[in-house]
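Given chain A, put chain B in place with the hints provided.
In the order they appear, the protein sequences are chains A and B.
Reminder that position 4 of the first sequence reads as 4 in full-length UniProt numbering, one-by-one numbering, no gaps.
Reminder that position 186 of the second sequence reads as 186 in full-length UniProt numbering, one-by-one numbering, no gaps.
No lab work stands behind these hints, which were simulated from the structure alone.
Check each hint, because a few of them may be wrong.
[As the list claims (entries may be wrong)] In the BS3-like style, the derived pairs of lysine-lysine whose C-alpha atoms are separated by at most 27 Å in a straight line are:
(1) B:K141 / B:K124
(2) B:K141 / A:K124
(3) B:K151 / B:K141
(4) B:K197 / B:K151
(5) A:K151 / A:K124
(6) B:K124 / B:K203
(7) B:K151 / A:K124
(8) A:K141 / B:K203
(9) A:K141 / A:K151
[Unchecked claim] With beta-carbon atoms standing in for the labels, derived distance ranges:
(10) B:A38 / A:M1: 46 to 54 Å
(11) B:R36 / A:G190: 32 to 40 Å
(12) B:E35 / A:Y119: 44 to 52 Å
(13) A:M1 / B:P154: 26 to 34 Å
(14) B:R162 / A:K151: 27 to 35 Å
(15) A:G190 / B:A210: 48 to 56 Å
(16) B:S47 / A:H80: 47 to 55 Å
(17) A:P193 / B:G190: 53 to 61 Å
(18) A:R86 / B:A235: 46 to 54 Å
(19) B:K141 / A:H80: 16 to 24 Å
Model, not experiment: these values are computed from the prediction.
All C-beta atoms, glycine included, are put in the ideal place defined by N, C-alpha and C.
Protein chains: 2
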Amino acid sequence: MPYNLWYWPGIQGRGEFVRLALEAAGIEYRDCARERGAEALMEDMASHSRRPPFAPPYLTLDGFAIAQVANILLYLGEHHDLAPSRLADRLWLHQLQLTIADMVAEVHNIHHPVAMGAYYEDQKPEAARAAEQFRAERMPKFLGHFEDAAKANPGEWLIDHRWTYADTSLFQLVEGLRYMFPRRMAAIEGDYPQLLKIHAQVKTLPGIAAYLASDRRLPFNTDGIFRHYPELDEA
Amino acid sequence: MPYNLWYWPGIQGRGEFVRLALEAAGIEYRDCARERGAEALMEDMASHSRRPPFAPPYLTLDGFAIAQVANILLYLGEHHDLAPSRLADRLWLHQLQLTIADMVAEVHNIHHPVAMGAYYEDQKPEAARAAEQFRAERMPKFLGHFEDAAKANPGEWLIDHRWTYADTSLFQLVEGLRYMFPRRMAAIEGDYPQLLKIHAQVKTLPGIAAYLASDRRLPFNTDGIFRHYPELDEA
Chain A
1 MPYNLWYWPG IQGRGEFVRL ALEAAGIEYR DCARERGAEA LMEDMASHSR
51 RPPFAPPYLT LDGFAIAQVA NILLYLGEHH DLAPSRLADR LWLHQLQLTI
101 ADMVAEVHNI HHPVAMGAYY EDQKPEAARA AEQFRAERMP KFLGHFEDAA
151 KANPGEWLID HRWTYADTSL FQLVEGLRYM FPRRMAAIEG DYPQLLKIHA
201 QVKTLPGIAA YLASDRRLPF NTDGIFRHYP ELDEA
Chain B
1 MPYNLWYWPG IQGRGEFVRL ALEAAGIEYR DCARERGAEA LMEDMASHSR
51 RPPFAPPYLT LDGFAIAQVA NILLYLGEHH DLAPSRLADR LWLHQLQLTI
101 ADMVAEVHNI HHPVAMGAYY EDQKPEAARA AEQFRAERMP KFLGHFEDAA
151 KANPGEWLID HRWTYADTSL FQLVEGLRYM FPRRMAAIEG DYPQLLKIHA
201 QVKTLPGIAA YLASDRRLPF NTDGIFRHYP ELDEA
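Next up, chain A with everything else stripped away, as it sits in the complex:
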């Protein structure tokens, strides 16, 4: 039985981190709100009254919903062998995923620094300040952390000798940052050769290559998490 994935239609957003792991592993799923619309998503979300997701994305199976990207990936990792089996390794992988989630939250905060519920247009001066410190301080700090993590692993992936969900997530992080900050990324990404290597390796995994070539992969846009506003980018 395929999984039901529920996420806002029309954007990659946080749902993409789940999609990439599913696609790379060849796990069957239905992208329910893409098929049935945002209203169906809101109805389905309200139906999980016993254990409600706070927000999409979530995956349903056997009548219950698993929400929070890192939690979904933790589950998929253990049940579809997309994660190592040693405890220390599993915790390390999850830790990296949680740090990716932290960076993604900071990325969202750039275009919505003071009012999550209002438009970017209503907080442009604040966003400009947020983008400046993100480009200067946070980007190198996060990317340097992931580079160090990858470098310390003797294998060619983040952990061990095969891809895991944190590798597909790093791929998406690089893709998103290149879309959002093309000038800044061009200026600094060379400092992170291991990250770029993992990005390139993920891109050619058969499941990912097929996905990226399909119409299931939506283009980035300015409704998602990673948004390209030229005024926020600078080398």
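Relative to the frame of chain A, chain B by itself:
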């Protein structure tokens, strides 16, 4: 052998979520940076070069470090029986903890909306806007979610009939919000009776009562995550 907990001395911060679980369960730990200072923390953090924490808090055991609050609690939950054993229950609990982490990140964002590395004093107008939407929209949304979660459980805790790490974390959330937004919390907390009940129950757990009465429990202050700036509070 006691665990080594490493976190910035002088504040409760994110470390407090780990401390509360350890104290409630009576698990021995050494609060290393309280004993040895911030410089020792930075040295220790740098020593984990193979698998570096991105930031404190982290727990060390058998030579490796576990970072990210929710990850640490996941580990403690499984290894010290502070979490249920059924898969669906464990995922639900972790999901709640991750949503608590999201709220804590938004709380931090209030006083540092545009420049995480700068002082609050350098971003006061932005912080005022961020606080306004947090009080009006985000607080009721998050607290309502946790209230619904607690209400849906037939037992007297968040899950089942005994406390887990998410209960001690909710306790800290209520404590922190009461310190940071006394007027706002006084105005709305009555809407969340189940949350307040869990808060009261955690407070009287023997391990927590002893901890709160000890000098190990630092007072809240304006260096931590929850900061009381009267100008940001309003009913």
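How the hints compare with the structure:
1. B:K141 / B:K124: holds (24 Å)
2. B:K141 / A:K124: holds (25 Å)
3. B:K151 / B:K141: Holds, at roughly 15 Å.
4. B:K197 / B:K151: holds (11 Å)
5. A:K151 / A:K124: This hinted pair is violated, its Cα atoms lying about 37 Å apart.
6. B:K124 / B:K203: Given pair K124 (chain B), K203 (chain B) is violated - Cα atoms ~34 Å apart, limit 27 Å.
7. B:K151 / A:K124: violated (40 Å)
8. A:K141 / B:K203: violated (38 Å)
9. A:K141 / A:K151: Holds - the C-alpha atoms of K151 (chain A) and K141 (chain A) are around 15 Å apart, at most 27 Å.
10. B:A38 / A:M1: 46 to 54 Å: Hint holds: Cβ distance 52 Å, inside 46 to 54 Å.
11. B:R36 / A:G190: 32 to 40 Å: holds (38 Å)
12. B:E35 / A:Y119: 44 to 52 Å: Given about 49 Å between the Cβ atoms, the range holds.
13. A:M1 / B:P154: 26 to 34 Å: Holds: the Cβ-Cβ distance is about 29 Å, inside 26 to 34 Å.
14. B:R162 / A:K151: 27 to 35 Å: Taking Cβ atoms as reference, R162 (chain B) and K151 (chain A) lie about 43 Å apart, which means the hint is violated.
15. A:G190 / B:A210: 48 to 56 Å: For A210 (chain B) against G190 (chain A), whose Cβ atoms are near 54 Å apart, the range 48 to 56 Å holds.
16. B:S47 / A:H80: 47 to 55 Å: violated (35 Å)
17. A:P193 / B:G190: 53 to 61 Å: holds (56 Å)
18. A:R86 / B:A235: 46 to 54 Å: The hinted range 46 to 54 Å holds for R86 (chain A) and A235 (chain B), with Cβ atoms some 51 Å apart.
19. B:K141 / A:H80: 16 to 24 Å: violated (32 Å)
Hint check: violations occur at hints 5, 6, 7, 8, 14, 16 and 19; the rest are consistent with the structure.
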